[in-house]
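Protein sequence lines, in the order shown, are assigned to chains A and B.
If you count by the numbering used here, then the first sequence holds residues 1 to 431, one letter each, in order.
If you count by the numbering used here, then the second sequence holds residues 432 to 703, one letter each, in order.
If you're looking for bench data, these hints aren't it; they were derived computationally from the structure.
Incorrect hints may appear among the rest.
Computed footprint of chain A on chain B; a stretch qualifies when at least three of its residues, placed anywhere within it, have a C-beta under 8 Å from a C-beta of chain A [what the hints assert, rightly or not]: (1) 464-476; (2) 547-557; (3) 642-649; (4) 658-669.
The beta carbon of each residue, even a glycine, is placed where N, CA and C say it ideally should be.
Here are the chains, one letter per residue:
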Amino acid sequence: MKLKNTMTAVAALALLLPVAACSPSAPKDGAESQTLNVALPTHAWTNAIKESIPEFEKASGIKVALTTFGEDQLSDQYNVKLNTKSKDFDVMMFRPPQDGKLFVQNGWLAPVDDYLKKADAGYKWDDFLPATVDSVTVDGSVYGAPLITEQEVLYYNKKLLAEANVKVPTTMEELEAAAAKLTDRDKGQFGFLSRGQLSASVTQFSSFLYSFGADFDNGKKATLDTPEAKKAYEFYGRMLNQYAPPGTTEMNWIQAMPIFAQGKVAFYTDVSSLSPNLDDPSTSTVVNDWGVAPFPAGPAGSHPYNISAWALGINAFSESKDAAWKFMEWATGPDMSLKLQQKGQSLARASLYSSAEGTKGFRDDMIAAIKTSTAPGVAVGHDRPLVVKVSEAREIIGKPIVTGIDGGDVAGAIEEAQTKYQQFLDEETKA
Amino acid sequence: MSSKRLAYPIFRIVMLTVVVMTLVIPFAWMVLSSFKSNLAITDPKQLLSFSPTLANYETVFGVADFLPFLINSLVIGLASTLVSLVIGVPAAWVMARYQMTKSSTGVLVARIIPTISLLIPWYYIFAQTGLAGTYTSLILAHMFVSLPLIVWIMLGFFEQLPIDLEESAQVDGLTPIGAFWRITLRLSTPGLATAGILSFIFSWNNFMFALILSSAQTRTLPIALYNFISYASIDWGGLMAASVTITLPVCVFALIFQRYVVAGLTAGSMKG
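Next up, chain A with everything else stripped away, as it sits in the complex (with noise of 0.2 Å):
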């Protein structure tokens, strides 16, 4: 009898355990039809703007629930979650080079062209640098608004060159010269950095690609085995594997970045976006010593890429699609758009690189190469193929890097990353 009754007990404690367990939980379906979720990703851009969102809330009587996740994990989230028809945000921000046209063919990003031709005068969205704008153009229709800009840049160690007595680089020669003249493996030091991993280099190395006059594809053909793309292989491969600290076939900017802030590089190519971390004394030892020039010159010119690193969109599930205009229209209009770019952010509008208001929180070394880089007809709008299957195009891509890096056969691997490609293009077209 007893036993029974402690038998009942933990049966009947084992069904109400989850259910008790779930009341600290918060609906968030739309019964209150003016929260608007905005899902964001750890990003300055994101802290910065969190304090000016009770501004909005304020103005237009919105209530904004904010969700925040590492990169990555926001785009498991979006994933996963709009593969369900998911309303959990309303408003999202994605990454155009690696997710948008995946997102726009699963029609899971709401298109605004409507709302851009009702939207006030005054949000200017011709002030948009017209890179960023296509990079969220998908077949002639527009599906976000674009934020934070990032450019290439050659990043330099003043000290390094001032005691080599060299200067600036502005083409690729007098940058493989320069590299040369301060690489000293005795001394730990050398003269050149740029990201080797696999699938991370693609990027930095697209840069040199266009430099060298050459692209991924030109559309429907891949293009990685012609004479300028071969050379810009070679190039990218004999700086790293001659000029290098050991080891950049395993370094994304994670690994890469601290090298160049600890002053043992000379000159680093990498995104704009990093700077932050060179002037912050807890990271870096080149506060004062780190410089930074317009990408160089290859046969081709100097085309660095100019991409819209992230941008705002709307989710096409959600059921307050009038609100999250209202708030993209605010955060990405002039004037929110300028004071977050005086909190140091790279926004995409033009004028804030005219204005002396938008350049305030600058250095002018870096202005001037975001100038030069964004000038018509220097940059180039994309810095990975533009497919849907972003990830597997890298891969193949960066082989030749690698093994360029590595010092083997780099004509060979270019000669089958060509072929891999073009069944790669046949097949993503064909779909």
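Once you've looked at the hints, dock chain B against the given chain A.
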């Protein structure tokens, strides 16, 4: 002669060093780094000589506010383990005593399915029932993994226990369930400890389920770790301090229950 006698101790010491170093170095690096500034972490010269700082721990419990995540992880880990034990242990006993091989194979299938393939249907079901983001959804999801784990550990354990004990208990007047409750369960403490701790550690470390199924209120520690990695900058010091904070409770937990766990893992081989 003497060289032969020396060979084994030397081999032993070398192998032990290699194995211990492989296991300990990453852990030691993590603990050391948690007391360094970000600059010292990336400077190989300051590997062992550096000026220690507590700033990273201040970040973890101050700015990053890890306490709620710690509580969430504890609630989910303990609840999913307890409920799984309550359901799984009697189930395993029945399967062991009545040779229900089809049922036990069925449970095993749940372990074989890659859990990532379940995330989309789960999220869909939980979102439709209004449970998405609640403790309940996370506990149920974790139970999907911990329940089969517990059933299989206990299954092997019960099969090793001599059935004579239960039979003589029944001769003395106990029902089969009474014999299970008063005799078998008391003898199974090592197995219960092993199953419980492994299930808890799984839940504590699980990232995938919590990433999709948790909300801002129910976020667990592994997800919160990623707060230290933001676009174009990583707070290595904070990340390492947070990792130590996450690892420490499990270490303490494991040390306390260690003797039971070891006994549980070797119980079968001892009896034969």
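Taking a Cβ-to-Cβ distance below 8 Å as contact, does the region 464-476 of chain B have at least three residues touching chain A?
Check passed, 5 qualifying residues.
Please verify the coverage claim for the region 547-557 of chain B: does it have three or more residues whose C-beta sits within 8 Å of some C-beta in chain A?
Holds, because 4 residues of the region 547-557 of chain B bring their Cβ atoms closer than 8 Å to Cβ atoms of chain A.
Within the assertion that chain A covers the region 658-669 of chain B, do at least three residues meet a Cβ-to-Cβ distance smaller than 8 Å?
holds (count 7)
Can you confirm whether chain A covers the region 642-649 of chain B, using C-beta to C-beta distances below 8 Å and requiring at least three such residues?
Our answer is that it holds, as 6 residues pass the Cβ test (under 8 Å) against chain A, meeting three.
Of the hints listed earlier, there is not a single one the structure fails to meet.
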